Amino acid sequence: MIIGAIFNMLLSVDGPLNAVLGAVGIDPVDWLGDSSVAIFSVVGVHIWATFGMGLVVFLSGFATLDAALLDAARVDGASTPQMIRHVIVPGLSRTIQFAFVTTMIGMLTSMFGLLFVMTSGGPGGSTYLPEYYIWIQQGQMNRPALASAASTVLFLVMLVVGLAQIAILRRGLKEE
Amino acid sequence: MPIGKSSLLARSASAGRTDGATAAPGRTGRPFSERIAPFVLLAPALLIIVMFRLWPLVLGVNFSFTGDGEQDGAPVGLGNYAELFDDPVFRTALHNVGLLVLLLPVAVPSPACWRRSSSCGYPATGSSAASTSSPPCCRR
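Residue numbers (numbering that gives the first Met the number 0), protein chains in the order written: chain A, 0 to 175; chain B, 0 to 139.
Think of the hints as simulated: they come from the structure by calculation, not from any bench. Small disclaimer: the values here were computed from a predicted structure and weren't measured. Beta carbons: idealized from backbone N, C-alpha and C, even for Gly. Be aware that a few hints might be false.
To be verified - Chain A regions said to be covered by chain B (calculated; three or more residues, Cβ under 8 angstroms):
(1) 52 to 59
(2) 101 to 110
(3) 120 to 129
(4) 140 to 147
(5) 151 to 163
Construct the complete structure from the given sequences, taking the supplied hints into account.
Written out as structure tokens, the structure is:
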């Protein structure tokens with residue numbers, strides 16, 4: 000919420016970000032008022048806000064990599080891209096799976112504050128997410144049963160997306 | 000799991016002290032109280048999860064099949080879901096969820112790659128930094 004308030008000021012049409020863009024000769028962008036840009040602004044702020052948590056997860060993942068394997072790959076003459084592809088990524092497969100699933104769940108459940116503060120679903124309903132829709136229907140429109148149906152849909156979407164991610168990543172990250 | 004193992008160990012130790020012929024330690028040889036212990040110990044936590052998480056979830060799903068407003072509580076079948084998918088706002092919301100899924104490969108690797116570029120592609124763990132074999136960090 001506080002992050003949203005800060006970025007509200009930063010991203011306003013006559014705000015600092017547009018001033019910087021104007022200084023290098025780019026036309027000001029209406030970050031939160033343009034219906035095709037607003038959702039990307041909010042997602043960008045959310046990625047920035049959760050960057051630290053992702054960094055901690057990946058730092059702990061890097062710490063569990065076996066230094067002997069990396070040394071062996073280096074001695075065998077693996078280039079850096081080869082090491083990343085064949086040693087580091089398979090070694091981090093569980094970490095990457097965890098990061099994907101938790102980031103997706105975080106995006107679906109904890110962007111309410113940002114939406115509420117930054118765009119309130121607007122402009123023209125273009126930044127609605129299911130959780131915000133649920134809150135509007137339940138609290139503003141007094142439609143609890145409809146909100147309940149939306150919650151059920153959101154639950155199923157999260158379930159399907161999460162399981163699909165685990166399945167895809169399990170197949171994609173394994174070495175051979 | 001640790002409960003089962005430790006009880007098995009304690010059992011075999013005590014069996015070794017007495018004669019091993021009568022008390023052959025095995026899965027079937029363990030008394031009923033020991034076999035049921037893990038489930039008894041899990042029960043309170045499971046009960047709380049079922050009572051305060053799963054049961055409300057079921058109630059919520061059930062509630063979504065009832066009406067709002069005048070037809071409060073009356074069963075309307077899939078009426079709410081039909082209204083939901085007719086609502087352009089909710090369709091926009093689902094569309095945005097799809098957008099989030101597409102943006103996920105941007106969101107997840109950004110912390111990982113930031114770390115990589117700052118340490119030249121080599122995870123400088125405490126052990127490898129302390130090891131005397133020259134760490135090949137930052138070399139090609």
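Do the hints match the structure? See the list:
1. 52 to 59: holds (count 5)
2. 101 to 110: holds (count 4)
3. 120 to 129: It holds, with 7 qualifying residues against the three required.
4. 140 to 147: holds (count 6)
5. 151 to 163: holds (count 5)
When each numbered hint is compared with the structure, no violation occurs for any of them.
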